[in-house]
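**Q** As you go down the protein sequences, you meet chains W and P in turn.
Counting along the first sequence from 1, when you hit position 111 you're at 1253 in the working numbering, and nothing is skipped either side.
Counting along the second sequence from 1, when you hit position 7 you're at 27 in the working numbering, and nothing is skipped either side.
Hints in this document: simulated from the structure, not taken from any laboratory.
Be careful, since some hints might not be right.
[Claimed, not checked] Some but not every residue of chain W turned toward chain P, in silico, with C-beta under 8 Å:
1. Tyr-1167
2. Leu-1177
3. Asp-1178
4. Ser-1181
5. Val-1185
6. Phe-1200
7. Lys-1201
8. Leu-1253
9. Trp-1259
10. Tyr-1263
[What the hints assert, rightly or not] Derived list of chain P stretches under chain W, where covered just means 3 residues or more per stretch with a C-beta under 8 Å from a C-beta of chain W:
11. 40 to 50
12. 73 to 85
Keep in mind that this is a model prediction, so the values were computed, not measured.
Idealized CB from N, CA, C, for every residue including glycine.
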Amino acid sequence: MKENILKFNLSTDLYPLEAIYQTCYTFLDRAYIYLDSPSAKKVLVSLRGKKKISPEKFKALRGEFMNELLNSALRLEVSKRNRRIRELIVGRALVSAVRPLKKISFKEDSLGIGKTWEEKYGKKAKNKKRKKKK
Amino acid sequence: MFCFKFNKKLYKKKAIKVAEKAYRGFCDFDEPKEDKDYWRVCLKNINQKTANLIKDEFSNYLLYLMR
């Protein structure tokens, strides 16, 4: 621990990169964070205190960081595992929110397609002519 | 001029450009250049003390953009 900086390595086999980013995000207000990759499956995390921090507090900060990292990794894993069921629930909710269409039966014949011309207009037309004559 | 590096595997060029745009009011930036496995970012027209602070704040903002 030099110049108010704490450095430690994380394995990307154990902690996914996304979880590392999420954890860093939660610590942005407490420390300056810099990431590097010394080898293929390792991430070097450098935490620099925004103010002068004692070694004990740095230890506590590292412990909190590791706990949060575990929490983020677990949340990510659970989210991956439940993805399909989450999509199904949302899909079902959206489908049930749509108003059902009114069912139209062909027997009702609301447009009068099945009627003849006489049935539709014949009597009415005759009645109208009679009324006009009167 | 004050330069620092960001690992290509961990930081995206697009995010660096966005952060540079946000910090343009504090100092001048060069286009991020490739330096083996790193993106090299250089600050201009800035003194050493302010540069360290800008570097720290810049890297935090960059991490926020990488989320």
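**Q** So which hints don't hold here, by number, going up?
**A** 4, 6, 7, 8, 9, 10, 11
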